[in-house]
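Asker: Chains P and Y, in that order, are what the protein sequence lines are. For the first sequence, my numbering assigns the number 233 to the initial residue and increments by one for each residue that follows. For the second sequence, my numbering assigns the number 192 to the initial residue and increments by one for each residue that follows.
It should be emphasised that the hints constitute simulated quantities derived from the structure, not laboratory data. Every residue gets a Cβ at the ideal spot worked out from N, C-alpha and C, and that includes glycine. Treat the hints with care, as some may be off.
[Claimed, not checked] Pairs of lysine to aspartate or glutamate residues, derived as EDC-like cross-links and limited to a Cα-Cα distance of at most 20 Å, are as follows:
1) P:410 x P:391
2) P:352 x Y:205
3) P:428 x P:405
4) P:428 x Y:205
5) P:428 x Y:202
6) P:374 x Y:205
7) Y:213 x P:391
8) Y:213 x P:266
9) P:427 x Y:202
10) P:412 x Y:224
[Stated by the list, open to error] These stretches of chain Y come out as covered by chain P in the derived footprint (C-beta under 8 Å, 3 or more residues):
11) 231-239
12) 264-277
Below are the chains, spelled out letter by letter.
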Amino acid sequence: MEPSHDPISRESSDANLVAAVVQGDAAAFELLFERHRQRVASIAGRFFQQAPQIEEVVQETFIKAYFGLANFSQYKVDSFAHWLARIAFNCCYDELRRQSRSHERSLSDFNYTERQELRKLTSGMGVTTVESAAINRDLAHKLLRLLSAEDRLVLVLLDVEGLTVAEIARLMDWSSAKVKIRAFRARTDVRRLLKKFL
Amino acid sequence: MTQERDSISDERLDRAGRIITKAAILSEAEASEIAAAPFLFARIQARIAAEPQVSDAGIWTAFWSISKRAIPAMMIVAALSSGLSLYFTGNKNQPAAFSVDAYLGTNESGVENLVFAERRPLTRDEVLAAIISKDDRELGR
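Can you build the whole structure from these sequences, using the hints too?
Answerer: Now the structure itself:
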């Protein structure tokens, strides 16, 4: 269906806003940003916990979307939101790869208390308070940083987003075989890491 | 029995892995707070406005970075090829392993022997002298 060219408003559909942005309407892009920024930040929050990192992913995602909007109709996607989510996941993946190049971590980075906390967390024995959740998140991040960017991405898409292999393949433009191999490797790596704690 | 224990252990580790992965994510409220950061859209607009300049500069940066690697490589290739051509040109004056004389059997003939034995080309004077001497011999007969 062709988007109508009515004046844009907060009630305009994504398709109409996209058409307006392509015609140079900056206000329409701001409306798209307002509508989708929380979802993009939420996707970034699956991988990063620092505000500057998340803001960077949000910015990068919307900049890529802006420059890709002219060809948006060529992408075979269900909706703008789905297309934006794909860009956001790819931005997170790029950021993870950048981080994994600059950070070399090892199990020795975990002290005795952190190992004990991890044991409690994975056994479900920990008391869940706001503070303990924050501590647990730090620890979980520290552990997940030991994994490769691909492993982390696949684990989040499988376990947090609850996507199927076919959906991940479509989202990341990978083959199903690649997703299955990545998932297998990611699980094996997590087991290998956790065996040292549990 | 051992396989069963291993699979139980794997299940436990997978469950622990899922807990860790879920524990690492930011809550919706926190993500929402970060998404509402002031001037976030202004920063995006500024970066979009700066993007064409960056990409123009990017072309020259890429060109320069490629040149930095390509020019020394091309110089090495040029030096090597000129060195090799000099080496092989210099070797031309040395006797070849394969002798044309031996192949053609010119050692047994008269004038041809002289011609093939000489590797340098004959001068005009030498050719003229050979013709005159031949004519003189024929006249002498």
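Asker: Would the hint linking residue 427 (chain P) and residue 202 (chain Y) be met if the CA-CA limit is 20 Å?
Answerer: 12 Å, holds
Asker: Verify the proposed pairing of residue 428 (chain P) with residue 202 (chain Y), using a straight-line Cα cut of 20 Å.
Answerer: Holds - the C-alpha atoms of residue 202 (chain Y) and residue 428 (chain P) are around 16 Å apart, at most 20 Å.
Asker: Given the hinted pair residue 412 (chain P) and residue 224 (chain Y), is their Cα-Cα distance within 20 Å?
Answerer: At roughly 35 Å apart (the allowed maximum being 20 Å), residue 224 (chain Y) and residue 412 (chain P) break the hint.
Asker: Tell me if chain P covers the region 264-277 of chain Y under the three-residue, 8 Å CB rule, please?
Answerer: Violated: only 0 residues of the region 264-277 of chain Y have a Cβ under 8 Å from chain P.
Asker: Quick one, are residue 213 (chain Y) and residue 391 (chain P) close enough, alpha carbons at most 20 Å?
Answerer: The hint holds at about 8 Å.
Asker: For a C-alpha distance cap of 20 Å, please report whether residue 213 (chain Y) and residue 266 (chain P) respect it.
Answerer: 27 Å, violated
Asker: Compare the distance between the alpha carbons of residue 352 (chain P) and residue 205 (chain Y) with 20 Å, and conclude whether the hinted pair is satisfied.
Answerer: Status holds; Cα separation ~15 Å.
Asker: For the pair supplied as a hint, residue 410 (chain P) and residue 391 (chain P), is the alpha-carbon distance within the 20 Å limit?
Answerer: 17 Å, holds
Asker: What's the verdict on residue 428 (chain P) and residue 205 (chain Y), does the C-alpha distance respect the 20 Å limit or exceed it?
Answerer: 14 Å, holds
Asker: For the pair we were handed, residue 374 (chain P) and residue 205 (chain Y), check the Cα-Cα distance against 20 Å.
Answerer: Distance ~18 Å between residue 374 (chain P) and residue 205 (chain Y) Cα, so the pair holds.
Asker: Can you take a look at whether the region 231-239 of chain Y is actually covered by chain P? Rule is 3+ residues, C-beta closer than 8 Å.
Answerer: Since 7 is at least three, the answer is holds.
Asker: Below or equal to 20 Å on CA atoms is what counts here, so check residue 428 (chain P) against residue 405 (chain P).
Answerer: Not satisfied, since the Cα-Cα distance of roughly 34 Å exceeds 20 Å.
Hints 3, 8, 10 and 12 from the list above are not met by this structure, while the remaining hints are.
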